[in-house]
Every structure is written in structure tokens, then in C-alpha cells.
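Just so you know, the sequences run in chain order B and P.
Quick note: the first sequence uses the working numbering, first residue 1, plus one each step.
Quick note: the second sequence uses the working numbering, first residue 1001, plus one each step.
Simulated from the structure, these hints should not be mistaken for lab results.
Owing to the predicted nature of the structure, the values given are computational and were not obtained by experimental measurement.
Any given hint could be a false lead.
Said to hold, decoys possible - To give an idea of the chain P side of the interface with chain B (calculated C-beta under 7 Å), a few residues:
no., residue
1, 1026
2, 1028
3, 1083
Said to hold, decoys possible - Each computed BS3-like pair below joins lysine-lysine, with the alpha-carbon atoms no more than 30 Å apart:
no., chain 1, residue 1, chain 2, residue 2
4, B, 9, P, 1066
5, P, 1066, B, 272
6, B, 25, P, 1097
7, B, 7, P, 1066
8, B, 23, P, 1097
9, B, 7, B, 52
10, B, 290, P, 1097
11, B, 7, P, 1097
No residue lacks a Cβ here, since even glycine has one placed at the ideal position from N, Cα and C.
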Amino acid sequence: MKTWIEKQKALIDFTLASLARRKIKNLGLLLVYTLIVFLLASVMLFTHALSKEAGKVLENSPEVIVQRLVAGRHDLIPPDYLERIGRIRGVQKIEGRLWGYYYDGVLKANYTFMVPQPDALMAVESGKIAIGATMARMRGLVPGNTISFRSYSGKLFSFEVSSVLPNKSELVSADLVLLSEADFRAFFDYPPDHYTDIVLSVANPLEVRNIATKLSTLLPDSRPILREEVLRTYESIFNWREGIVLVLLSGAILAFAIFAWEKASGLSAEEKREIGILKAIGWETGDVIKMKFWEGALVSLAAFLLGYIAAYLHVFRFSSLLFEPVLKGWAVLYPRFELTPEVDGFQVATLFLFTVFPYAVATIVPIWRAAITDPDAVMRG
Amino acid sequence: MIEVSEVRKAFNQGRHNEYWALKGISLAIEAKKVTALCGPSGSGKTTLLTIIGCLARPTSGRVRLKERDISGLPERFLTGIRRSTFGFVFQQFNLIKGLSALDNVMLPAYPLGGDWRALRARAGSLLNSLGLGHRLEARVEWLSGGEQQRVAIARALVNDPEVLIADEPTANLDTALSKEFLAILETLAGQGKTVLLTSHDSLVIESSVVNRVIEMRDGQIVGVR
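If we strip away everything but chain P, and leave its shape as in the complex, we get (with noise of 0.2 Å):
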């Protein structure tokens, strides 16, 4: 589905400071599989999710989605791509605050201009799928960490997407929430859906819900399970 090659990033470039987040990556991620970037720190995995969720643009080389180069499209048509064909559930969830669960999960779909109460009749409904249906108008502030990232995961499903990226989401969680989005991923998955993720969490690199582990370190792929 998405096909990555010989993609490398620089960021300063040209300064003193120049730095290459990647040096030369190659890989497919199948549809309809949940992969998993692992590495420590400093190894290029959150990068690498950028240029895939077409939140930035390679240095060099290529990124090809369904067959067709992306790579080099203006920012407006990679507004486009991310608002149909990703979903993204960040780190620190970036949910925003003072507005309501809903608000936030309704948050991605406001541009494309479709009914509203159909919107948020969607939007609550996902919201009850991940159990949080009785938090639905409360501001995102007050929820614990494990409800903040489920408004995260219906907010980056709310359009609908192919793709599910989400980078480190165990990151802010204990044990017993950490199974929970596990077990949330796997519906996911059942349900169709391709999943990306960065993680460095063993409990996620070494679940059976994860099909692909890429192994990242220093900007390259050092192995593949």
C-alpha cells in the first residue's frame, strides 16, 4: 500500500548543524496489517512517520501511496491526502484543551464541510465505541490519560481513514492502559484498518497484535521480524 525508497532527511541543511534523521530508507507497508518502527531514540522512527503520514516532505527519494508518488505534491494536495487517508494519534495525544471530548474528535472533519449532526452523531458514536460514552461533553483537561488517548484514536478515525499512524502510544501509559489500546489495535485491525506505529515499548513490539517489526537505528532499517 505504502512504498518507501531510498528516502533520506536532512534537517539545517546546508548549516552547520545539518543533520540526517534518515539515510537512505526502503520499505513497503502492506494494507490492512499493523507495523511497528522500533528503535531508541534518535533513530529516525518519528521522521520516517511524517513523511509516510505526509506531514513532511523527504529530502530525497521517494514515497509512493497506492502506486502514486507523493512525495513531491505542494502542501495543499498533502493537506489532502492526510485529511483522507491517515489518521494520526500522537505521543502527547495533542488534544485541545477547554474543549469538549466531541469537539475534539469532530476537530478533523470541520474543513471538509459536511452535515453537522451527521458529524457528530459519528463523532459520539465513536467515542461510545472506545467506551467513553458517558464523557462525551467533558473537556478533555479532565479526563485520565487512558481516556484522553481513546478521544485521540476517535479523532483520528473520524474521517474515516485507511491508515492508522500513531507514534509511541504507549508512551504516557501504564501496563493495564497500555493492553487496553492493544486491545483496541486489534479491532482496528479486524476491522480493516492499516496501522503504523513507532514504538520502543516491549509490550507493544512484542504483542501478537503487531504483524511487522522494522528495527530502526542511527536513520536506517537494521532489521526486519
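Looking at chain B on its own, in the form it has when it is part of the complex (with noise of 0.2 Å):
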């Protein structure tokens, strides 16, 4: 064991010294594969942390939600619709919400204005509204100012801004307004006893489909959208967008692919003729094989590692700069966040494979070929 962990450090030693001789052509490719790496790292980084964090956000949302439908849209629940609810089995508990979009013409962004559930620790009295960390940003708004809002009836709203909602929240937060269910009934024109949506608790989750479908038989015009249909909603969108940047990424990997082919199968006279002093001076086909096996894997390896560190980086402290625009989708009210660190242990496997093995299985084919002449060429000069 010890003899072959010394010829294996012999060997290394040996192809580092190989490496360094051919500096810049090294360092080159070296450059090349680090960025390819770093390329797909990040997008796969990226992506996986913000459906993780999407997840997470979704965790502590409703599992059922329901919404009355006319005519295939979106309609107001009427007030009898809370009460023959409550009547299914299961149900553990039924609020309804308050919510809707309003239109700023002076950032010419669109707001969700919205009525705090009864239990949620951001209540908000009459004359008062709590704002999302972007939108007071955007609008310069600190708490104890006063903005005022033209309702779509016509007639000028002034509320006073009690809060600015907390920064760890503003990916969901960035264009939210929290105000009292007065303020919003009258700055809507809503009539009373009418909800926006149903929210549902269900007492035994694995009872949330039979709630559905009780659901769908009793209110056929209603729509229940579940927790899990969300999360795998989103769960695709940010597969898309990941496939979305691949495909945009593929000419540079296929490039790639070409280059690192190119420079690991094709053996110049000069490594030809090394191979052949080599044999000459006693080195087995093996140890030939063995030797360019670590040039691959050291190459390689180290364009892994550098590439994966540089893309955690770029994802997670400089908050995915490169990619930002085409992952996180488009809004005017640009949600300030910051993901918190995700590394799935399979992304990473799957991206070693496709990196570092094809690499290495391209430095050692054309080798095997040239390390089987007879090392008596070499005699010949």
C-alpha cells in the first residue's frame, strides 16, 4: 500500500511538473473549463435555491385555497359560501381573505393591497398601512408619512404608512400593503360579507384531495387550489427557467466539448515522443496511462472545484449577478433578497459527471493508444 501511494505521489509529482511545462496552453484550458463550471454551478445554484426558498415561503401558506369562478374568472365569494364550508369534515379551520391589485400610475407598478388575516401578528388600524420594504424604497416612504391613493371609484384615500414590512420577507412582500378591512371594503367599493378568496386548515393532511373533491361536489363553481399544486407550479417554472438558461449555455458547452476533446485526444509529436522515452526508460503502459489519468483529474478536478467555489459565490453573495434578470423573472418592484445557501448533494454529482469524467476519459483513450507502441522507437530517434 505504501509502495503504491508513493508511485502514486511519484506520478502526480510528476504530471504536475508535465503540467507546468506547458504553462499557458494549461492555463488556458484551465480558464476555459473553471468558467463552463462556474456557468452551469450557477444556474443550478441559483435555481435550486430559489425554489427552495419559494418552498419555504409556501410552507406557512394555506394548504387549501378557494376561489369562486364565473364564467371561467375570478369572481367574489359570497357571503353563505364561509358557512357551507365549515359543514365539511375535516376542515379545521375557514377564513376568508381580503386582497386585490391596484395600479400606481407614478411607478406605474401594480400593488397587492391586502386585509391581514385575524391572527397574524401584522395588524393594522383604520387610516393605516403597513408596506413592503420595495415599494417604500421606490416611493421614498418611512414610517409616519402619508400617501394617498386614487380608488378606482374616483375618490382620494390618505393613509398613513405605520410600518415598513421586514426585509426577510420581501421576496413576497416587495408590493404588498396591508390595511384594515374597513379601509379596504370602502377603498374598493366592496360589498359587505363578500370575500376575495377561501382559506382552509385541514385537520389531517393527507386528507386534502378528499377535501377537494368534497369541495368541488359541493361548490361546483368553485375552484380549490391546493398547497402542493403551488409548490409544484413553481417547482416547473424555475425547472424552465433553469432549461431556458441551459439551452442559452449549450453553444458555449458545446464549444467547450470541442476545445477540451480536441486538446485531451490529440497527442502532439512532442507527448508522443515522451511517451516513447518514457516506455524506453522503464515505465509500463500502465504507469503511462496512470500518469495522463492524473493529468485529466488534476485539470479537471481543479476546474470543479474552482468553477463550483466561484459559482457559490457569484450565487450567494453576489446574489447571482449574471443571471439575476432571466431566473428571477421581471417585475418593476425588483424584490431585494438575499438566498440562503443551498447545496444539493445530487446536482453536484450530476454536474462532476458530466465535467469531470468525459474530461478525464478523453485524456486517457488516444494515450492507451499511443502507450501500447513498442518503446524501441524511441531507439531510433
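Build the complex: two chains, separate frames, hints provided.
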């Protein structure tokens, strides 16, 4: 075992010395290789972290949301619906929600006006509003300021900003305006006892689908939306965006593949001569192959590590400067948020397999062909 | 020590350009002696050297090393014998450019997996003994022809082989450097190394260091001195 380790050490030592001889060529390769790993890993880390983030946000969202439809469009929930749903067995809690959109001509952006749930920590008094951090930034508002909105009926309403919502919720609260129920109903001329939608809590999570079926039977004009469906939709959106970026990157990846294959497989006359010398002075075919294997492994491992670390920093320290617009989506009120570092072992393994493995193979195949030639060729110079 | 009997070697056998480089060579090489193969270009000297040094196999005939027939062994075994028994000094020196003199000398020992520090010390002392102690870290392409040859000799000796094989060792050297080489050869012979070399340089062939000269022509032995 000790001999084997010493032998590998010696081979690695020679490989490093050998790589250092063609510094510019090998550094160029390492740079391009690292860049490719960096791009791929950035996309993977970013989309993964983003979908995890969305998942975490939605963890606290209601298990079932019920919307009423009229002619296939979302409509208000009439007063008796709450009571009718409440009779379904397995429904633990039922609440009507009030929310709507308001277009602000100043920012040319839509805000989401919403009444906080009665049990939410964020209660808002009448005449006051709590606003999202992005909106506060864009409109230059701080607690204590007053802001006026002209409602859809033409009346002007003034609100005092009581608080700005915490930064950590910015991903979901960028455009949020929280106000009291009375103010909401007055501002939007909302009919009394009507709600935008209904949220349900279910006692047994395994019963969620059954309850959704019962809801559809009981209220044929309603649409139950399950949390798991929302999660799945988010997942598909991020996967789709990841796919788009990867397609865009595929050109670069292909170019690299050709470059790497050319570099790895094309043996120069000098390299062939060196293999001949090594064999003549007592190296076995296997030794030459091992040495070349180490060359491929060292280059690709270094590129993988450098690229992955750079991608990690890019995504989690520098907010994915390069891909942000494509992967996050577009918005007037763009939230500022830091993703929680999240590394998925399976993704790392996949990336490793698709970058390191092909390169290592590409280095070995031609060497094997060169290494099995007779060593006496070197004698004839 | 080495016995060659009825060795024949063909290149491109069975093709229109078939060529017999050796046509039935038989000879015995004594241990701890310096033997020179001489003859004009194309006489088969180098081919015979590659067969004896386990770099190639004969088309027919036998090669025995210390009574053991090695002519039919597979490559893996031949490499092992080559590594432990023979050290080679090539006509073009065949050093690996870009590496230091020390790295080049250490190369043949890498596959053996011995202690790296000990190997480095051994390589250093070999270069020292050949007067290259001040050039250990110099890249081989920066060295003069004579220095390159001494690095090649140190490399041939690093695994402490019993037999040193040198192919036209003075072909690229001037008279002064050739004499220096012969002095090194004398030291090695004094240390009990068996030396087998090819040359058509009269300086080498007529040197007192060489114990035996085998003359070759057209793939055959035509005289022994």
C-alpha cells in the first residue's frame, strides 16, 4: 500500500511538473473549463436555492385556497360560502381573505392591497397601512409618512405608513400594502360580507385531496387550489427557466467540449516522443496511462472546485449578478433578497459526472493508443 | 551474462518492403566488461541493442539473461527486466524538455514507488558524481551537449542496473567531450557495471576501456576483437 501511494505521489509530481511546462496552454484550458463549470453550477445553485426559498415561503401558506369562478374568471365569494364549507368534515379552520390589485401611475407598478388575517401578528389600524420594503424604497416612504391613492371609483384616500414590512419577507412582500378591513372595503367599494377567496386548514394532511373533491361537489362553481400544486408550479417554472438558460449556454458547452476533446485527445509529436522515452526507460503502459489519468483528473478537479466555489460566491454572495434577470423573472418592484446557501448533493454529483468524467476519459483513450506502441521506436530517434 | 543465439529480426515482415535487420546473430556478452558493437549504418547494431535491452523482441532466435530465456516474455515482464537490469543512454539523449536535470534523472524510478526523498538524494548524488552538482535544477534544454549526456548517464544509473546500454554515445560530442565520456565509462567499468555500446567512432573502439569489439555488417557479425 505504501509503495502504491509513493508511486501515485511520484506520478502526480511528474504530472504537475509536466503541466507546468505548458503553462499558457494548460492555464487557458483550466480557465475555460472553470468558466463552464462556473456557469453551469451558478444556474443550478441559483434555481435550486430559489425554488427552495419559494418552498419555504409557501410552507406557511394555507393548504387549500378556494376561489369562485364566473364564466371561468375569478369572482367574489358570496357570504354563505364560508358557512357551507365549514360543514365539511376535516376542515379545521376557515377564513375569508380580502385582497386586490391597485395600479400606481407614479411607479407604473401594481401593488397588492391585502387585509391581514385576524390571527396575523401584523394588525393594521384604520387609516394606516404597512408596506413592503421595495415599495417603500421606490416611493421613498418611511413610517409616519402619508400617501394618497385615488381609488377606482375616483375618490382620494390618504393613509399613514405605520410600518415597513421586514426585509427578510421581501421576496413575497415587495409590492404588498396591508390595510384594515374597513379601509379595504371602502377603498375598493367591496360589497359587505363578500371575500376575494377562502383559505382552509385541514386537520389531516392526507385528507387534503378528499376535501378538495368534496369542495368541488359542494360548490361546483368554485376552484380549490392546493398548496402542493402551487409548489409544483413554482418548481416547474424554475426548472423551465433553468432549462432556458442551459439551452442558451449549450453553445458554450459544446464549444468547450470540442476544445477539451481536441486538447485531451490530440497528442502532439512531442507528447508521443515523451511517451516513447518513458517506456524506453522502464515505464509500463499502465504507468503512462496512470500519469495521463492524473493529468486529466488534476485539471478537471481543479476546474470543478474553482468553478463551483466561484459559482457559490456568485450566487450567495453577489446575488447572481449574471443571471438574475432571466432566472428571477421581471418586475417593476424588484425585490432585494439574499438566498439561503443551499447545496444539493445530487446536483453536485450530476455536474461532476458531466464535466470531470468526460474529460478524464478523453485524456486516457488516445494515450492508451500511443502507450501500447513499441518502446524501441525511441532508439531510432 | 547475456547470450544471443541465432537471433533474426525482420521489419515489415510479409509486406513488399520486408527487411531483415539481423540475419542470425549469436554472441555472448560477459559480465563486468565493456563490449562495443561497431559497423556502418544499417549494419544492425542498434537493432541488436534494442533486442538485448528488452526494448524489442526478435523475430526468431533466443536471448538469455543469466540463463533465463527472455525472448518470448510478454511486454509487462520485459519492462520489469528492462527497469531492473538495464540502463539506457540514447544517441539523442532523449531527455524530457522542460524538466530539470534532477527530475529527468528521477524519472525511471517513479513507477517503482520508492521513497521520494531517498530517490531525490540518490539522483542528486549521481549528478554530483558526474560533475553536475551545480546544474541540478537547470532545465535540460539549457545544458550543453556534454552536460545533457551526463544527465542521460545519471538517468541510466538511477535504478542501479547491472548493464548499461549506450547507443552511439559519442555521436553528438566533440573529441574533448568524447574523452570525458570514456573516462566516465572507465569509472563505471571499475564499479563492476557491464557495458554494451554501439559506435563507429574510432576513439571509442580503439579505447583501452573497451574490452571487446564486435564488428557487424549487413545484419551479421563479421569479426570479433
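Taking the hints in turn, this is what the structure says about them:
{"no.": "1", "hint": "1026", "result": "21 Å, violated"}
{"no.": "2", "hint": "1028", "result": "22 Å, violated"}
{"no.": "3", "hint": "1083", "result": "3 Å, holds"}
{"no.": "4", "hint": "9/B with 1066/P", "result": "34 Å, violated"}
{"no.": "5", "hint": "1066/P with 272/B", "result": "33 Å, violated"}
{"no.": "6", "hint": "25/B with 1097/P", "result": "16 Å, holds"}
{"no.": "7", "hint": "7/B with 1066/P", "result": "29 Å, holds"}
{"no.": "8", "hint": "23/B with 1097/P", "result": "14 Å, holds"}
{"no.": "9", "hint": "7/B with 52/B", "result": "45 Å, violated"}
{"no.": "10", "hint": "290/B with 1097/P", "result": "20 Å, holds"}
{"no.": "11", "hint": "7/B with 1097/P", "result": "22 Å, holds"}
Hint violations for this structure: numbers 1, 2, 4, 5, 9, all remaining hints satisfied.
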